[in-house]
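Given the sequences, and given the hints that come with them, work out the whole structure.
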Amino acid sequence: MTAGAQYGRDDFLRRIAARLGRSRPLDREPVRDVVGVPEYFARRRADRAELVRRFVGNWEALGGKAFVVPTATAAEEVGRLLAEIVAEHRICRAARWVHPELERLGVDAALAKAGAETVLWAFDPSAEEGTTADEAYPARRRLIEAAESCELGVVCPDVAIADTGTIVLAAGPGRGRSVSLLPGVLFAVLPEERVVLRLGEAFEHFRAAYADSEKRPSSLNLITGPSRSSDIENDLTIGVHGPGVVYAVVVGDSAFRSE
Amino acid sequence: MNVSLFVTCMVDMMTPEVGVSVVRLLRRLGCRVDFPQAQVCCGQAAFNSGYEDDAREVARALIRAFEPSDWVVSPSGSCVGMIKHHYPYLFRDEPIWKEKAEHLAAKTYEFSQFLVHVLGVTDLGAVFPARVTYHPSCHAMRLLGVRDEPLELLRRVRGLEYVELLRKEDCCGFGGTFAVKMADMSEAMVCEKARCVRETKADVLVGTDMGCLLNIAGRLDREGAGVRVLHLAQLLEEGVTRRERENGLGRV
Amino acid sequence: MSAKTGSGVYEGGTDLKQRAQAALADDQLRAAVALTTDRLRNGRLRAIEELGDWETWRERARAIRAHTIAHLDYYLGRFADEVERSGGVVHFCATAEEAVAVVLGIVREKSARVVAKSKSMVSEEIHLNEALEREGVAVIETDLGEYIIQLAGEKPSHLIIPAIHRNRQQIAELFSRVSGETFPPDTKALAGYARRRLREWFLKADIGLTGCNFGIAESGTITLVSNEGNARMVTTLPRTHIVVMGMERIVPTFADVEVMLNMLARSATGQKLTVYTSFITGPRRRGEADGPDELHVVVLDNGRSAQLGDPQFQEVLHCIRCAACLNVCPVYRHIGGHAYGSVYSGPIGAVLTPLLANDPASAGELAYASSLCGACYEACPVKIPLHDMLVYLRSRRVRMKLTPRGERIAFRLYRRAFTRAELYRAGVKATRLMLAPFARGGHIRRGPGPLAGWTKSRTLPTLPGKTFRERWKELENEPVEPLVLPASDVSTSGVPTAEGVPSSDASGAADRPDRSGRDGA
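Residue numbers (our numbering), protein chains in the order written: chain R, 137 to 395; chain F, 127 to 378; chain L, 2 to 522.
No wet-lab data here; the hints were simulated from the structure. There's no promise every hint is true.
Unchecked claim - Simulated coverage check for chain F against chain L, where a stretch passes if three residues somewhere in it have a Cβ under 8 Å from a Cβ of chain L: (1) 147-161; (2) 183-189; (3) 326-335.
Stated by the list, open to error - Label-pair distances were calculated between CB atoms; the ranges are: (4) F:368 - L:417: 23 to 33 Å; (5) F:156 - R:193: 55 to 65 Å; (6) L:181 - R:234: 38 to 48 Å; (7) R:251 - L:205: 44 to 54 Å; (8) F:351 - L:187: 55 to 65 Å; (9) L:23 - R:267: 51 to 61 Å.
Backbone N, C-alpha and C define an ideal beta-carbon position, used for all residues, glycine too.
Rendered as structure tokens:
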């Protein structure tokens, strides 16, 4: 990790402390009685089938396309969907995360069968050992440009949020931010176990990581539907900078069992 | 029940008939109504313009005038709002007067709130066959929480056809000195309010604050709109009189 | 020129009244502002209804912001420590000049030629773009609305939707002129051009510059919200990321940011969440191929600390920049954002601009651009009493003797007359006489002095022959016949049923709002 630093801290904080009636800045955590969302909101519960249903409903309400596939046939279904997407959106190249679940689903084979090339977001961390940022940049740049040349991005969200229709992507080696950002079409697939009810639960998923400054993800991206803007005369337009077409696939059997 | 009337300088000067309607109704509902002569003004014009010292002295005189009263009732949501919302703040550095201010605030009521919550009356048996729309004053709504009381009273007026005012919660543009200081902005606001009133095709516009009503009435009149503008107390008194006339209970 | 003070006030030599008049005469602007604010306002109402228990949430959000600001020395210190621990660099800047100098320093160190920005009000407040341009750096606004007004050479007219004053036709002409291509006034085509053009800039930019919606103290995390994806672009592709943030944009924990994000999205646009919500903690880690090599966080004071410890104004620092107050303000609705002549417009702008300005006398007229209707307070997700603060600003001007002499004298006379009933009565008689010549048929069509403003667009009734007090004697002696109340309830058609009729609570406390004391924390 690069070295951090602070400049101008002491005078700045001292001035604030003085305005608040303190001779020195407070360095002990103050006591609080109100933290986070109202209790009734945090106490809500939903079973898995309901979570999946709600996530799908919210994702679709925002213009996203959602699918629920049974565990047993997940690879087949995902392959079929990818083939349809490749055909419909004329995908030549797809960028994807390095992720065991994507490998298990046979994403590369499915894409190849449909006639699309896969760009793996593979950046070897060890290749960066002993290099400066300047030295590492050309390889990084090549990968970014490769993703830029793709029409489809394939990712595996860490969590999805039912309340809002959101997928959560933590950045990391092999899990580039660009994959869910640069191509015009986004395809996200995750197991139903990772759908939670509310935003706070999604944060809980990362709580341990955030407590340890060494382990914190550099970026956590919450994506709630396709990119949009109404800046031009209040007229809604989809796909301004981020992907305009977004697919979410939830793998699991709860939704089918409850029918 | 002993009630003191806080008539407000605006009603006193510009629309005394509103005060008359309030007094008549309260007395007929069983209240003994007095009028402390020392009263003048709540001070909001000075306060809202930033003249705290001037407002404080005017407020002090008002507090004194109503010290002996049990209940204080006023036909103005904004004046009552001034007392309840700003008087404790105005006297924040004078503990004795702050307490007096709080006492006054606790016993002062806007007319419709007094009827509904203190007297527990919503149906006066009034008859008023007309198409009526209602403009809620900002201060009554937001400082006093007056939202349903006038509507509860209007609901029970026989023959009254209520039509909801579009954008009713938008300010009419009066704002006291605002109408004079920022005349162009105020004009834009009152024109939109008048347009909404006319769109209801109501015969009558009713409200709880004469500042708002004179403002809107003034614009409607300039537009030649022919809408009658009444304070709630006036409408109710007229409605009661009408019912009694219809029932042959001779009251001139 | 305000670049020196960095107060966010635009120069121009016009005053509020002139700008307001210009805005009121601009029908296109008025229609655009009305359409936009109505849409956002209705969206907000639907979203808060969907959430339910809005007042509970509001009080929660207020409590979180109040606690944070009351302990800002701790939380800001913690935030900075965590940013440092995550590999970021924090630059504390007391003034706009210092902040600009820091950014220029980074630009020079990196030999940067292109800076791509996502929306940052603070960067406008410190006039950063002008400074960068003087340095020879290309500054690209990437928020679609900001991009449009940048090309047009204009300032934003709304906090959230900066270009609402421009229609499709004008934008098409603008893009056509700038690109050399011809564009139809079609949203998709125009947005498509912006997407293509800005994509080139995203990939070319040396530095990405953003604001910060919320800085999370427990982990040193920068929270960024956007709908288009440009904030993600400028924090992913360029090698350096600079955050410019007001020092008050802190929340203690992720649990708290869950509350604030719920409040922000719903209050601003009626969404549950914006399309993109990004949490950035430090620069990219080793082994990550995208993300910046360096993260710099510029924390700005620029007049904010002066509000701390002030019981009247400390709460202005609670603002989360949702613009809900703009969307419900009747004044903003009619005059739009430019009339305020400052980076921050609407009710929050009217309060913040004079407070942040180094010279308390500047921008003071903004405090009068309000009828004090209180809609702003009602809409504010963190319950900032903007309507009260406007009055406090006015009383500050009175104390500093900045109000017109004639007005001071008038209120002194008012005080004398309105504290003594006899003087008041005499005053009314005098006024009646004074206005008599202007009255025709019971109305005053054209009033003298200050009344001229009123009578320009409204009639005024003449003072009646007798005041209420003059009628009291007779009224008092009228015979009283008790009202015979009907036995049963009769409802008429159309009047909405009251929800939850309060019980006869003698004190009326049930309906009193909770603005009781000045306790800030």
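Now the hints, each set against the structure:
Judged by the Cβ-Cβ criterion of 8 Å, the segment 147-161 of chain F is covered by chain L as claimed, because 8 of its residues qualify and three suffice. Residues of the segment 183-189 of chain F with a Cβ under 8 Å from some Cβ of chain L number 4, which satisfies the need for three, so the listed coverage holds. Judged by the Cβ-Cβ criterion of 8 Å, the segment 326-335 of chain F is not covered by chain L as claimed, because only 0 of its residues qualify and three are needed. Under the hint 23 to 33 Å, the C-beta atoms of residue 368 of chain F and residue 417 of chain L, about 44 Å apart, miss the expected range.
Our hint of 55 to 65 Å for residue 156 of chain F and residue 193 of chain R holds, since their Cβ atoms are close to 58 Å apart. The beta-carbon spacing between residue 181 of chain L and residue 234 of chain R, approximately 42 Å, falls within the hinted interval of 38 to 48 Å. At roughly 32 Å, the beta-carbon separation of residue 251 of chain R and residue 205 of chain L lies outside the given 44 to 54 Å, and the hint is violated. The hinted range of 55 to 65 Å is not satisfied by residue 351 of chain F and residue 187 of chain L, whose Cβ atoms lie roughly 42 Å apart.
Separated by about 58 Å at the C-beta atoms, residue 23 of chain L and residue 267 of chain R satisfy the suggested range of 51 to 61 Å.
Checked against the numbered hints above, the structure violates hints 3, 4, 7 and 8; every other hint is satisfied.
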